[in-house]
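Undergrad: Build out the structure end to end from the sequences listed, making use of the hints.
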Amino acid sequence: MRKALLVASAALLLAAGPAMAQQKTIKIGFVSTFSGPTAVIGNDMRNSFELALDHLGRKMGGLPVEVIYEDDQQKPEVGKQKTEKLIQSDKVDFITGFIWSNVLLSSLKPIVDSKTMFVIANAGASQVAGQLCSPYVLSVSWENDQTPAAIGLYMNKKGAKTAFLIGPNYAAGKDMLNGMRSTFQGKIVGEEYTKWPDQLDFSAELSKVRAANPDAVYVFYPGAAGVQFLNQYAQAGLKGKIPLYTAFTIDSLSLPRQGDLALGVPGAQEWVNDLPNEANKKFVSDFKAKHKAYPSFYGAQAYDAANLINSAVVAVKGDVSQKDAMRAEMKKASYASVRGPYKYGNNQFPIQNFYIQEAVKDADGILTLKTVETIVKDDQDKSAAKCPMK
Amino acid sequence: MLLFLEQCLNGLQFGLLLFLLAAGLTLIFGIMDLVNLAHGSFYMIGAYFAATFTLLTGDFVLSAALAFAATLLVGMAVEVIAIRRLYGRNHLDHVLGTFGLILFFNELVRLIWGPAGMNVPLPAWLNTHFQVLPGVDYPTYRIAIIVVTLLVALLMYVLVMRTRIGMLIRAGASNREMVSALGVNINLLYTLLFGLGAALAGLAGLMQAPILTVQIGMGENILILAFVVIIIGGIGSIRGAFISAILVGLIDTVGRGFLPDVLALLLDPRSASAISPAMSSMLIYLLMALVLVVRPEGLFPASSR
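Chains A and B are the protein sequences, given in the same order. Once you know that position 97 of the first sequence is 97 in the numbering used here, the rest is easy, because the numbers rise by one and skip nothing. Once you know that position 77 of the second sequence is 77 in the numbering used here, the rest is easy, because the numbers rise by one and skip nothing.
Incorrect hints may appear among the rest.
[As the list claims (entries may be wrong)] Only some residues are given here: those of chain A computed to face chain B with a beta carbon under 7 Å:
hint: 1; residue: Ala-39
hint: 2; residue: Asn-169
hint: 3; residue: Gly-186
hint: 4; residue: Val-189
hint: 5; residue: Gly-190
hint: 6; residue: Tyr-193
hint: 7; residue: Lys-195
hint: 8; residue: Asp-198
hint: 9; residue: Leu-200
hint: 10; residue: Ser-203
hint: 11; residue: Ser-207
hint: 12; residue: Ala-224
hint: 13; residue: Val-227
hint: 14; residue: Gln-228
hint: 15; residue: Gln-235
hint: 16; residue: Gly-237
If you're looking for bench data, these hints aren't it; they were derived computationally from the structure. Where a beta carbon is used, it is the ideal one built from N, C-alpha and C, also for glycine.
TA: Below, the structure is given as structure tokens:
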């Protein structure tokens, strides 16, 4: 008898579980890097994501929002593990985040297999935009090739006839150098790949740059390596002699440590903090008020990710089981993105403008980035053609 | 030709920096018979101290001196508190214990200085470049590193070969038991020696700080190279560490600089540029393997035990 009672109550509890979940919270899993030297990026994304939730009143479609932040430690295997935990034990409705292409690639399968709605907030692995595209995966960032391709166009415009390329020897490093090569019309006189991530002394490469004496140097060094590169470029006496062009090297997280060395070095990005739209003005000024610093493009993308998810939840009035309806709404990109309006391509990656940005000092003498010009309008990535979705 | 000379200069500077790390490591290993994986932590701590003092005083040279002294004290404190418990145990315990110290120091640094890392600005007179050869501008600061490390090497030579402490150190490297049997205060000698090793690592770290970013875990990659250096040079031998450090520095840098061109003669340019970074980082390990085959004791073994 006792046993039967126990079984019955257990069954009741089981039945009650989903019923309670009906008036539940919207659960969002956020995978990013919150430890190690690149934790600054993850923290900036989290700050921006939280700010977006504050702006939404911490509710989506009338339901409270719960965000579970997981640290991928910048390691593919850890990212996959954390992603599986979010899907299987937390049963999240959405997953977002992901800074690194390699972490994204390792974590993609469990997400797609479980049909969890996924909004990529940064990583732009070309495979995910191409043959691995999925109805459940949308990006609010870019495909890896796009940003360097934009800087290649700018170098043509500046009349560079010869260029020397330097980047780290890993998947994204090669994407970033090839992306630039795809639009640059001059001659590539040298190309150096450095050991990643442990080579931080670029003396041998810089000596070769000096010997080659090109019209321009193009580099891709995200995070701390970018600080070191600018430092050593100046110490070698190359700054001011050979113009330097960058992708993902100068952003508002690395800028305080790069200091004046970053002044006058152009980079490309799909978002700059001074873009003149209302959503962006609100985001940047509230972020500055709260964190006493400029937000980065990583943060802007995380902010957009929150708003894109919100647009989907609002469209289905909180019933997150209607995945097709949510997807259809998100594909319209109907929310107010801080980069201004954009569209989605067949692979669910943005078709968007890219801007040339440069470091300047603001009215208070703080270094920040400003838009120089729009280098390419409504740019769609090349991988879209490889995506079987129409 | 000019490019080759410049790359040699780069290699020399890198090698001398490695020597600072390797000198402490080889002494500690050779004399105290202690495998110290946490040596790289002192490299990191020296850099963090230099960054902090530069922030406070605004004078890099003064801060460097303060950071050197502070790392010496930290090294001696670590020896008294932690390392002393490890003597006489086997090498696996050393590895585990000092690996624990790496984790401890990395977390400590994160707690004190935060995860973001720091930068050390150079004074204007160092942050320039001048012509070492016609047509070759070389950063002044890298020349300064070469000069300082050569001076330190000279001082160490004098210390080890011409002073009483040096005599004990050399005696300890050859036969530890005999030294303690002769009534030398081996505890004090060990504390001093460990502190000196830590301070030399700290000096390497603080001199790298303006070139690289001061960040958590910065000592771990370079420590592997330092171990390679002492294996090639012969454990316990400062002279061996000096020569093999320069050898490793030159091979690493010059290899990195010219291997792509050499490979480009044999392969098509795309695959050459893909293979060469991997190949050039293998060169020093090939050298190490060669040395281990030909002279397992290293090029300049301290003495036979």
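Undergrad: Hints first: check each against the structure and report whether it holds.
TA: Against the structure, the hints come out as follows:
A distance limit of 7 Å between C-beta atoms decides the matter here; for Ala-39/A the minimum to chain B is near 4 Å, and the interface restraint holds. Given hint, Asn-169/A at the interface with chain B, holds; its Cβ is 5 Å from that chain's nearest Cβ, closer than 7 Å. Checking Gly-186/A against chain B: minimum C-beta separation of about 17 Å lies over 7 Å; hint violated. Evaluation of the Val-189/A hint against chain B yields a violated restraint, the C-beta minimum of about 12 Å exceeding 7 Å.
The restraint placing Gly-190/A at the interface with chain B is violated, with a minimum CB-CB distance near 9 Å, outside the 7 Å limit. The closest approach between the C-beta of Tyr-193/A and any C-beta of chain B is roughly 5 Å, which is under the 7 Å cut-off, so the hint is satisfied. The interface hint given for Lys-195/A is met, as the beta carbon of that residue sits about 5 Å from the closest beta carbon of chain B, less than 7 Å. Restraint check, Asp-198/A versus chain B: the minimum CB separation of about 4 Å is within 7 Å; hint holds.
Checking Leu-200/A against chain B: minimum C-beta separation of about 5 Å stays under 7 Å; hint holds. The interface hint given for Ser-203/A holds, since its Cβ lies 4 Å from the closest Cβ of chain B, which is under the 7 Å cut-off. Below 7 Å, beta-carbon pairs count as interface contacts, and Ser-207/A has one with chain B at about 5 Å; its hint therefore holds. The interface hint given for Ala-224/A holds, since its Cβ lies 4 Å from the closest Cβ of chain B, which is under the 7 Å cut-off.
Annotation: interface hint on Val-227/A holds; nearest CB of chain B at approximately 5 Å, less than 7 Å. Interface hint status for Gln-228/A: upheld, as the beta-carbon distance to the closest one in chain B is roughly 5 Å, under 7 Å. Given hint, Gln-235/A at the interface with chain B, holds; its Cβ is 4 Å from that chain's nearest Cβ, closer than 7 Å. Taking 7 Å as the C-beta contact cut-off toward chain B, the hint placing Gly-237/A at the interface holds, the least distance being around 4 Å.
Comparing the model with each numbered hint stated earlier shows that hints 3, 4 and 5 do not hold.
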